[in-house]
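Novice: For reference, the chains in residue letters:
4 protein chains.
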Amino acid sequence: MKGNYAAVYGAVLAGCKAYYGYPITPASEIAESASALFPKFGRTFVQAESEVSAINMVYGAAGCGQRVMTGSSGPGISLKQEGISYCAGSALPCVIVDIMRGGPGLGNIGPEQGDYNQVVKGGGHGNYRVIVLAPNSAQEMCDLTMLAFELADKYRNPAFVLTDGVIGQMMEAVELPEPVTELPDKSDWAVRGTADSRHLINSIYLDHDDLEWWNRELGKKYEIISRNEVRVEEYRMDDADIVAIGYGSCSRVIRSAVDLARERGIKLGMFRPITLFPFPSERIAQLADRELKGILTVEMSNGQLVDDVNLALKGKMISDLHNRMGGNVPSALEILEKVSELYGV
Amino acid sequence: MKGNYAAVYGAVLAGCKAYYGYPITPASEIAESASALFPKFGRTFVQAESEVSAINMVYGAAGCGQRVMTGSSGPGISLKQEGISYCAGSALPCVIVDIMRGGPGLGNIGPEQGDYNQVVKGGGHGNYRVIVLAPNSAQEMCDLTMLAFELADKYRNPAFVLTDGVIGQMMEAVELPEPVTELPDKSDWAVRGTADSRHLINSIYLDHDDLEWWNRELGKKYEIISRNEVRVEEYRMDDADIVAIGYGSCSRVIRSAVDLARERGIKLGMFRPITLFPFPSERIAQLADRELKGILTVEMSNGQLVDDVNLALKGKMISDLHNRMGGNVPSALEILEKVSELYGV
Amino acid sequence: MKGNYAAVYGAVLAGCKAYYGYPITPASEIAESASALFPKFGRTFVQAESEVSAINMVYGAAGCGQRVMTGSSGPGISLKQEGISYCAGSALPCVIVDIMRGGPGLGNIGPEQGDYNQVVKGGGHGNYRVIVLAPNSAQEMCDLTMLAFELADKYRNPAFVLTDGVIGQMMEAVELPEPVTELPDKSDWAVRGTADSRHLINSIYLDHDDLEWWNRELGKKYEIISRNEVRVEEYRMDDADIVAIGYGSCSRVIRSAVDLARERGIKLGMFRPITLFPFPSERIAQLADRELKGILTVEMSNGQLVDDVNLALKGKMISDLHNRMGGNVPSALEILEKVSELYGV
Amino acid sequence: MKGNYAAVYGAVLAGCKAYYGYPITPASEIAESASALFPKFGRTFVQAESEVSAINMVYGAAGCGQRVMTGSSGPGISLKQEGISYCAGSALPCVIVDIMRGGPGLGNIGPEQGDYNQVVKGGGHGNYRVIVLAPNSAQEMCDLTMLAFELADKYRNPAFVLTDGVIGQMMEAVELPEPVTELPDKSDWAVRGTADSRHLINSIYLDHDDLEWWNRELGKKYEIISRNEVRVEEYRMDDADIVAIGYGSCSRVIRSAVDLARERGIKLGMFRPITLFPFPSERIAQLADRELKGILTVEMSNGQLVDDVNLALKGKMISDLHNRMGGNVPSALEILEKVSELYGV
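If you read the sequences in order, they're chains W, X, P and E.
Quick note: the first sequence uses the numbering used here, first residue 1156, plus one each step.
Quick note: the second sequence uses the numbering used here, first residue 1156, plus one each step.
Quick note: the third sequence uses the numbering used here, first residue 1156, plus one each step.
Quick note: the fourth sequence uses the numbering used here, first residue 1156, plus one each step.
Below, simulated SDA-like cross-link-like pairs (lysine to any residue); rule was C-alpha separation at most 25 Å, straight line:
1. 1341/E with 1197/X
2. 1341/P with 1219/P
3. 1376/X with 1346/X
4. 1172/W with 1192/P
5. 1195/P with 1332/P
6. 1376/E with 1437/E
7. 1469/E with 1498/E
8. 1195/X with 1168/E
9. 1157/E with 1264/E
10. 1172/E with 1170/X
11. 1375/X with 1496/W
12. 1376/P with 1485/E
13. 1376/E with 1483/P
14. 1376/X with 1458/W
15. 1172/X with 1192/E
16. 1157/P with 1183/P
17. 1376/E with 1468/E
18. 1376/E with 1338/E
19. 1471/P with 1449/E
20. 1172/W with 1219/P
21. 1195/X with 1334/E
22. 1195/W with 1336/P
23. 1471/P with 1440/E
24. 1493/P with 1470/P
25. 1448/E with 1470/P
26. 1471/X with 1440/W
27. 1195/W with 1168/P
28. 1376/P with 1305/P
29. 1309/P with 1387/P
30. 1471/P with 1421/P
31. 1493/X with 1363/W
32. 1471/W with 1447/X
33. 1422/W with 1498/W
34. 1195/E with 1194/X
35. 1471/E with 1470/P
Calculated directly from the structure, the hints in this document are not laboratory data.
Model the full assembly from the supplied sequences, consistent with the hints where possible.
Specialist: Printed below as a string of structure tokens:
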């Protein structure tokens, strides 16, 4: 099964009730799969008039307590930033899939990771965070989409599945999990079209102290998420003296590079953030306590992930950067060469 | 003269030909001033149908080689992120004023700095940077707006004037600079509605290598900007052993706190980034070489600036954070108390 | 059951698969009923981003061969005129409910019939007609909505249900017809999301002769409709020597006026067009052959219906006009007075 | 000078301050000319985000007392119907140029007259009329555009210049009139951005009696217009015993047909409505008093003008119809043949 298809299956299995989207390559395939699959399972699929329209439909459905999803790519995610900020400010759970493409501007439709900052740091109107999961296989496209719904509901917060065309197009065997049978009860806050549940769901706090209080509350929530929901994958890290850090497509290439390095006697290990927010800062800080020859961040963007890695390292070490852009995916060999060149191995 | 009015005067003096905007409090006053002032000087003011419409009109005018401006606040800037990314990707000079309001979501219309991440880190589709200037007085609203036009043209890049309602509403004497009389020649790239200047201005690079090349070119440009355009203000830093870092409104409060501290024998100094991109990372790194008791970042957001300060400090020191949100502005006294509490002075 | 609710029930019974709408008083109640009722019967309800969005969703669903409905009021119908013309030009069956409100412009939300021209004469881009049914009771709201679906499919043409708030709010016993069990086969022209049904459904005929041919074909269709689908209601017409003509709400008042007139020995009869297109021109022309004292057109608009009555009468008689506007509904008594005044009875 | 260009020159000479448009063939040329010409004369040209946006900008400028213009073609005019109704309901003078194209739907870009009903009968939300002028030469494109501005202001009502691509593309010598030097004073109702002129300009009349009153007032205005502003052109009508009626492009062809007919001894005359609203009903009624062999309406639409001709004739005669559609323009010869065939001459 293709990764994109797996994500949509994951949504259905997670009890997602509706998909609202607007077509943009390379995310159109997600929408297309949803348009085929959702109605078969009695779920709703709507192609909205615009990206802005789609995210506001998500807002509406989330406010009604429904599990709801949208998907897009960089330029479309940009247009959705206002709505995402509204969802975050109104504490509305929803899932957004971003199949990243080459940027900035229109760029091209090749795989990239240039949306890291706009998704992880918050590209919309301020002071909020979204949960960001970064799958690197078709299986994870399914599993992490399901997890995104779970975490979104658990924390009443938007959750992203951040990936790129490589993962989406990847054809792999996928073991479909059991469908979620019991959905969380949201009757204490969601509107349901009934007189007794009628109230406004919004992000307005006119009084300065109220909004400050709300931001502190959000901050506490983000701290709890940071404490409890960090997920990473390590590969051959036990004896590694060089660590390559990367997520999504890059982590697959790093894994190959690790195997290749080991054949040559280079003790390379892979550290892969699965959650980008919460970011595995502590785990990365711990890397600096080991006697490493070097840390290399591999990303398909202009030095965005590496900033967070270095922020986490707190100067104990400085991560190097190997990056490709524009739709180019780094190869295992070029990672290995970079490692050799940088660390003299 | 009010700060907002000063910014619009700055635009006129800088030879700005057109203002395209959509009303949103507290940025409406900028638009209102522009609607009054621009026509008087033979410039164009258009209230567009939407935030999205306004930024795309900016794209159009910038592509025609005109100095052009728009303004908005957080939620509107979010909607403009796609267009901003397009401008950056197409190397189009333009000036965007963001009068920040309380967030996330609708929040409120009080002063805040919660847009730091969405503006400085790039809230739109990836791999680009915008120049960000942060005035803290009515005079600077004028001067930095003029500078924004100059830098935008110099580097063919969008430039932001990032501020909040406090600065915008501030009534201060403003010395108006001489108007710019010679505008840069853009005839080598801009379209002018003539047959010979007819070509597409866009950000599409279908070939992966081409887009990667373009991103490397952009990267080089950002490095040059980082090297040449950092601007900071220091106040009583010579003998300071505690440094408070802040921009915009916060820097005004910090300055008062410094004076207050000095009266009490506390050697507090102010370090104020005037440019947020380029960020004064080196200058901040040098602070750590001094024997400081502490560094306190003061911001009106949820810990955004402090991340960049700490990234710059590279672990040699860790900046503490004092932040207010929701429209609340920190007072000099509460900064002083925080300083006392944290550093035992 | 309220008339508005009855219309939505009619749609469900007619096998309508989807409702796309945008809220506008007094049509919001139709949308609201649909949002409640449609999902219960496994149908789709979407509140679109705009009136324009809604009618284009209708275009899409109709092109997929689904029975589909939208509803609005005057200002919204205006915005939909482009889409309605596209549906007509592409020969797409669909049903549009117009709950007329006071005009022009925003006017008010009172009952009116001012949309007659924009609906019956074609308010969109040229040369097309839409079928227009005008119910005057809750029962007919149900029955004529069902008929609208039938005629729309029979002639592959948009069909309107044109009414006003009086009929929509009217509480009457409604006998629900049997649901339509067999929907027409549209597989010869509709797209179904399959490779073999993939083709464009549009209204483009680049060649002048082709578009002229298409318009002649449409013209023939409109003639067939005019020949076969005229529906009228007559009340006490056998011996009437004065005829009052009106549709919708007006026809209810006329009926009361007829009864009142008869008590007073005035031989008033009612002639009520149920279909506005096809317009009962021949039947009206025949009225002129009787020895009538007068014909009075009663409408809640500025002399729109009366033009079509007079066009039909071909000068053999000239209909007088009694009209109210702005949300005012004529009373039986004022009709009677007008009759007395005009015809000396 | 081309007809389209002449219309834009007419606007400038009439003191039109702003043009707001959205591109659509074949009206794009009007917008293009305006974009070139308006700025040269210190006027404003804005390409709006959409047709809807453009008409609402017109509403805004008209409300500020400025002479303002927009232009479009059938599908775009459809989208503008809401805004046109708002202008009419708010009694705002403005000028709209409709360069008609083949319909319905997308149709094609050939010349047609299919927008007659949507423009003359009112395609928007009810009970209003717009002044409609129909030029048939480049000179008239200029003159009637100027007249449209004059009548719009005189009656505080939207005025259309209704034409097609044939007239727009026609290259003819145009004598430019003197520019209007004194614009009407609108200070008693227009807003001017000053505190004392601050009031709402809208079309809301919540009270039913108020809206009915307003509609009666509008009705009186339309009657005055009907009495005073009818304009027609007659050609060789003195001794004509057959009359061909047509406007715009058709009237040029009819004129040729008249000359051709006269050569053959057929006494054909031309009757050409220059104003479509007010419609020359009385003048047409008078035709029936002459001993005519026949009246032939020639139109490039599906029998729209002929309805108004027959309504005017009140059954004393019935006009025949010769029509072409889809971009096809009738030839003088085919009109002559039709005349021969119908009237045995």
